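*Asks:* Line order of the protein sequences matches chains A and B.
Taken in order, the first sequence gives residues -19 to 386; the numbers are from the working numbering.
Taken in order, the second sequence gives residues -19 to 386; the numbers are from the working numbering.
I should point out that these hints are in silico values taken from the structure, not numbers from a laboratory.
Only a predicted model underlies this, so the values are computations on that prediction, with no experimental measurement involved.
Be careful, since some hints might not be right.
Because identical chains cannot be distinguished in the list, a pair is counted as satisfied if it fits within a single copy or across any two copies.
Stated by the list, open to error - Within a straight-line C-alpha distance of at most 35 Å, the following computed DSBU-like cross-link-like pairs (lysine-lysine) qualify:
| hint | residue 1 | residue 2 |
| --- | --- | --- |
| 1 | 81 | 291 |
| 2 | 292 | 5 |
| 3 | 266 | 106 |
| 4 | 291 | 0 |
| 5 | 299 | 0 |
Number of protein chains: 2
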Amino acid sequence: MALVIQKFGGTSVANVEKIKNVARKVIKEKESGNDVVVVLSAMAGETDRLIALANSATESPDEREFDSLISTGEQVTVSLLSIVLISMGYRAKSFLGFQVKVKTDQAYKKARIKYIEAKAIRRELKNGKIVVVAGFQGVDEENNITTLGRGGSDTSAVALAAALKADRCDIYTDVDGVYTTDPNVCGKARRLNKISYDEMLEMAITGAKVLQPRSVEMAKKYNVPVYVKSTFSEGRGTLVTKEDKDMEKEIVSGITYDKDQAKITVVHVPDKPGVAAALFSPLSAKNINVDMIIQNASLEGFTDLTFTVSKKDLKDAQKIVEEAARVIDAKKVQVDAEVAKVSIIGVGMASHSGVAAKMFSTLANEGVNIMMISTSEIKISCVIQRKYTELAVSVLHDAFGLEKEK
Amino acid sequence: MALVIQKFGGTSVANVEKIKNVARKVIKEKESGNDVVVVLSAMAGETDRLIALANSATESPDEREFDSLISTGEQVTVSLLSIVLISMGYRAKSFLGFQVKVKTDQAYKKARIKYIEAKAIRRELKNGKIVVVAGFQGVDEENNITTLGRGGSDTSAVALAAALKADRCDIYTDVDGVYTTDPNVCGKARRLNKISYDEMLEMAITGAKVLQPRSVEMAKKYNVPVYVKSTFSEGRGTLVTKEDKDMEKEIVSGITYDKDQAKITVVHVPDKPGVAAALFSPLSAKNINVDMIIQNASLEGFTDLTFTVSKKDLKDAQKIVEEAARVIDAKKVQVDAEVAKVSIIGVGMASHSGVAAKMFSTLANEGVNIMMISTSEIKISCVIQRKYTELAVSVLHDAFGLEKEK
């Protein structure tokens, strides 16, 4: 008998009919002889509806109250699934963050789990019950409700798997696994049977939406085997696990893209200490995330500084940077709202040379200009004109032979 | 400086605009120098929406999960009001049942408050905060969420007032007080300045919807001064308080009606021990509430037994009673779905004779037939044909001179 965590996202519990479908998946697992802990998100659209409510009350809602408000979405789905399971003749019990207890720090809207006191869950499992846990939420030491940030239910599921020493954590979503790239963009995209934590993390960070990055970090830390599966079809899905020899054979495992990018260049910046801080501190103070940063070699005491931000932040960022540019005596600020980031990811990259060169020449052959480059051990990202995104993904998918299993 | 509990019902918090209006009422109380604890219901219609969700999943939803589901409505409104208060520059903090802690028994859907551990609230009040508490909900000893039954937020407010030894408990609603009768039915209805707990309790039980009966019992038990006021207008409202000499002058203080009544008569019942139990035990087992019960004097060893149930229960009740009637060898079962109950209430009644006679003759003069009668020390109820309800209320209001303050 194994202990299995099953996590279902918002589209899987979007209405009562879909919740009944989830119940059948849960029951199948239970009937196969396993203990089951289910983790749920809110109904698709519900969290957005609650956020809109808060924002209609005031521009910047108090964060403690905001978290208490938006955590109600998961409370609704876990109660409903439990009601359905019980009506189907199974013993089930819902748990909210404070009932589990999922203890977090007090960083409202992006809280981190400190520990999970899983005693109550263990007791119910021992009693033969199916346990249904509200994802996304926890409580701090003073029992204030906190939430874990967008996609936080993935993290809830993996953290529970770690705390309960589960045999596996199945993340059910609307796709049937992790693909070499987005199948909507590249018809040759292939489902991966297996991917390493590190690759999955890079893919999540650079644009794949299938898992929240933090959940992958946690899975890696506690060595939790994670399966990404489809709620709406059968299939073994993709196993996210620690690196093995098979994986090293793959030079590139996946290609991601992120169209939510805008580029800002500060031209002719005096090259002296404190300049970068003067530019980026005010951005950080306004919660504007900066993604890639590139600084050209200095020429006669001046340099150009380019970085990317999320499209939605471009206007605010531009205002802030123009102000800072005046202060540090830079020449001017240029913005480009029409860019995207394309990344190739693979653990084999570290031990193979020529991967970057192949990426650059493949793009060059199609006339795609590379504006910025950023690399890590297992990832190369290029910023290009947004209109070339699909083309770039397709030609890279071909160039690295991703349509065929190695 | 006084401590004031303010409770606002569902129509008062139906949307963000109305919640802002509530915030202004709260701030006014706070600015007058008082400590304020606010108790809220869910947005009007929200609890019904959640109940419909549960019922769309299965016919009889598990009660623990049902309570967890429907308690989310109040969590939404307390967060939103706190967000609004903070955005208006005031310090506020929401509390859910488990955070307060409002400890109840485990009778889901109709839990009773056992005690309130108000330490956390006291601390925040001392810190100068406005405390906003979710009505209707509590937790049992094992931290399962429970709810207090329809209108339970009134009870939450009065219980908090008792636990915190508040100076008063203001129940804000969409009417500006307690009336001699329903103003929609009788144009001469008059707002009462004051009413005794016992009268208010009888009025609530017999059809006045302004306060949940249990909240009145609790107010009486702990001697909490309750003011019924309007959210949408100014005015002193009606004080519900302990009986005083003024009140005894009033023979009749109010007239109520309840159209949600149906009458069942079991004809020619053998008059022997165990017959009533045989009829009413199976009704109680199906959670069907029986209101008035009348048994005629026995004639040659047989009697007729008449009682009323809620209209919605009539079909189920009829089936059960017909089955029971066969068992106890009664002749037949008659039902009448077209009845209503009209009641007159007044503490003065106990010390004045002729009140019942006046009620009966007033109805007789209008040709209204009385089908059943039930009395208590301070109340007389008559079951009549439903179509005469408004007429009966009006002529009784005139007959007892209720339009004029004594």
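*Asks:* Hints first: check each against the structure and report whether it holds.
*Replies:* For each hint, the structure was consulted:
With identical chains, the CA atoms of residue 81 and residue 291 are never at most 35 Å apart, being 37 Å at best within one copy and 44 Å at best between copies. In this assembly of identical chains, residue 292 and residue 5 lie within 35 Å of each other by CA distance neither inside one copy nor across copies; the values are 38 Å within and 37 Å between. For a Cα distance limit of 35 Å, the shortest separation of residue 266 from residue 106 across copies, 33 Å, qualifies, whereas the shortest one inside one copy, 48 Å, does not. Taking the closest pair of Cα atoms, residue 291 and residue 0 come within 35 Å of each other only across two copies (33 Å); inside a single copy the shortest separation is 38 Å, beyond that limit.
When the C-alpha separation of residue 299 and residue 0 is checked against a cutoff of 35 Å, the pair qualifies only between copies, where the shortest distance is 32 Å, while the shortest distance within a copy is 50 Å.
In terms of the numbered hints stated before, the structure departs from hints 1, 2, listed from lowest to highest.
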